[in-house]
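Use the sequences and the hints to build the structure in full.
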Amino acid sequence: MSDIRLQVKDVSKAFGITKALKDVSFNINKGEIHALIGENGSGKSTLTNSLAGIYQKDSGSFILDGKEVNPVNQVEANNEGISIIVQELGTLDGLTVAENIFLGHEDSFVKMGIKNTAAMNRKATELLKKYGFERIKPSDMIENYNFEDRKLIEIVKATYFDPKIVVIDETTTALSREGREELYKHMNRIREEGNTVIFISHDLPEVLKMSDTITVLRDGVYIDTVKSADIDEDGLKKLMVGRDVTGKYYRADYDEKVSDEVVMKVEDVSVPGLISHISFELHKGEILGFGGLSESGMHEIGKACFGASFDREGSVTLSDGTQINDIPTAIEHSIAYTSKDRDNESLVMNQSIRDNICLPSLDDLSNKVHMLSDKKLKEFADLYAKKMSTKMQSVDQFVSNLSGGNKQKVVLARWIGKDSDILLLDSPTRGIDIKVKQDIYQLMDTMRKSGKSIIMISEELMELIGMCDRIIIMKDGKINGELERNKDMDENSLIAKMV
Amino acid sequence: MTKQEFKQIPVVGALGKPSVINMIRSSLPIIGLIAVCIIFNVLTKGSMWNSRKLILNQVYVVLISATGVFFIMSMGGLDFSQGSILGISSIVVCKLSGINMLLAVIGGVVAGALIGAFNGFFYVNRKIKSFIVTICTMFLFRGFIKYMASNSPVAASMKVYDYDTTGIKLGITAVVLIVSFVVFRFTKFGINLKAIGAGEKAVKFAGVRTDRVKFLIYILAGAITGLAAFVNIVKNGSATANVGNQLETQILIALVLGGMPISGGAKVRFENVIVGSLLYIVLNNGLIMMGLTTQMMQLIQGVIFLIFVAVFADRESLSVIK
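Chains as they are written, first to last, in my numbering: chain A, 31 to 529; chain B, -7 to 314.
Any given hint could turn out to be false.
Cross-link-like lysine-lysine pairs, in silico, DSBU-like; alpha carbons within 35 Å at most [to be verified]: (1) K180/B with K295/A; (2) K406/A with K196/B; (3) K479/A with K180/B; (4) K467/A with K196/B.
No wet-lab data here; the hints were simulated from the structure.
Shown next, in the form of structure tokens:
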């Protein structure tokens, strides 16, 4: 009996003229956690989505336990023993938790054309209990749960029927610490049961910690498969990028003094149900970090300072006395905001890169009689998209076609084009590979040195420690501590204040 | 977070699709227009070309008012009240035409704008879906029209016939089209409109006062239809209880025939209005000249309408009609 669970043989897939996968071949074993890594757009998700029936591959084959599989949709893939937890939200509004868990498999609860809701809920209760998520009620509508709980429900949905292969695509970035621990626990359980996990993540320490084997893809081409025990982070980076990653990752300075000049003063800001009585000052040339659990209210800080919160109380004042109460005023006064919910709040998906970059700068780009020329818009978008080295065919391309990292580059290009002085960056590196992360960190460092001020809200403690002059820790909607930049700071000192 | 959970996976968008299909799609309306012209001219043995003036005469009102609805649909809304707006404005134009012709024009435009503002208020401030609001106002103002014009049509002053020249009607239409084209294509307003159609939340976060834009658009569309009412009265001389009846359906059909994506957004093009309105009128007249019965005509129109919707509906964003 061989140990091979899945053979990937010469799989290719193209989107229009872009070749996302080029003759990829490798093997995945039984009872292992097999990580798939590579930069944005290297073809990881394309490969797993083809395996799970979301896309159809153009050529090549997947051989599962000696038998070729060719699922045309997710339900068929499930029946073959393949399930997937996708990168974005994979649950449907308007259905209950139980209905979401058994989506596509309702038949087992249907007798003579009538669905037995009670039986379905009972089964769901059992499962949720088994997974240790008792607080989730199967009969509740799914929209009553937050992003994180919905991800947990997806874990149940994808694994309850003991599939042979579970694909976990970039799920951990959406989860807080406890959520990740839950997920790790279930990954290990699947491995112990002799099944296989294909794990996609940009977080290399996590990959090294969790996986047995690591396969690296670059630009749609298979590079190498290595044992986790035989390689370190730098080795992985080298395989992913194709050369040594040189230069610093985070900023290196520790003793620079931050200016005393206050550019933004936040006083007694509350948003009902999310944050209460928050006050702080942002200085010129400072990177101010906000850390905490994802439900700590820290994500609302960015919105509140941008005038985008509903029902906000308290005041946000700039150095010239301007009160920020709505988004247009914020942008007029050189404030930029990148949302954690990049696809909904930061980008107009079904719109060109050009329009996305130009949108806030249209007033600056129009001539004396308020007219805009296509040429000027194109040049402007081209300039800043290239400055951010966005991977694209042209600025006329739709944003929805770009990979996560490139989408973020478009968002940042927009604000660099607007030349904003205060940047509110919420999870700026969420779901982004190391190369782009490094670019973003360097960009932040350059901005800081040129006197721009940044608020960085992040769930990744290492980047907060590496980049910020000051870190404010949030807990239950309140400020629970503040730490100055310090060489000896470690994650534990932050976690202590978070929980 | 509403609809797009369903398509969590990056979909292959405009550039991903084979470009041949896209090219055929984008040129279908204009090919259709030429084909329909040729077919009907052959079938009617040229009598259609001979009556081109008559046909053109029917284009103006639809074309002008379709321009306003084009703006509304670009940002993903709908408007079913256009027929009633045209009716009310026509009555206002008739009543004022005796005093002063310029006053009549202004009166028509203001009346249209006011009804547009009424729509906009309920749509934007009360947050009711635009098609529900405008269906309500359609009935509401149709009621007013019936009340005012049922016993006898409201007649305009005889002076309006002085303005019934191709030059004036074509001139007004051309000015509306050119100004609208420039606004749509080369101003911040136009770019914002399309962006709202493609994704309102993100546009709001980019600093656009989306509510203000949406409100203004309904006022603008009302005002443009008010101007169309003047052309309508110049043509007809009076307003009956049925004035403007079903104009909204004609406009919608014309825009869809012109290749307008029903949900608006980035793929909207200004040619949609012109090609669509011409196509609709030519098709309509062609069928009449062929001597078809009304029943038969409606049947054929229905089939053609369905085919166009099937080809042009942007299925990726259909759920976002506002």
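Hint by hint, here is what the structure shows:
| no. | hint | in the structure |
| --- | --- | --- |
| 1 | K180/B with K295/A | 32 Å, holds |
| 2 | K406/A with K196/B | 23 Å, holds |
| 3 | K479/A with K180/B | 33 Å, holds |
| 4 | K467/A with K196/B | 27 Å, holds |
Figure legend: structure checked against the earlier numbered hints; every hint is met.
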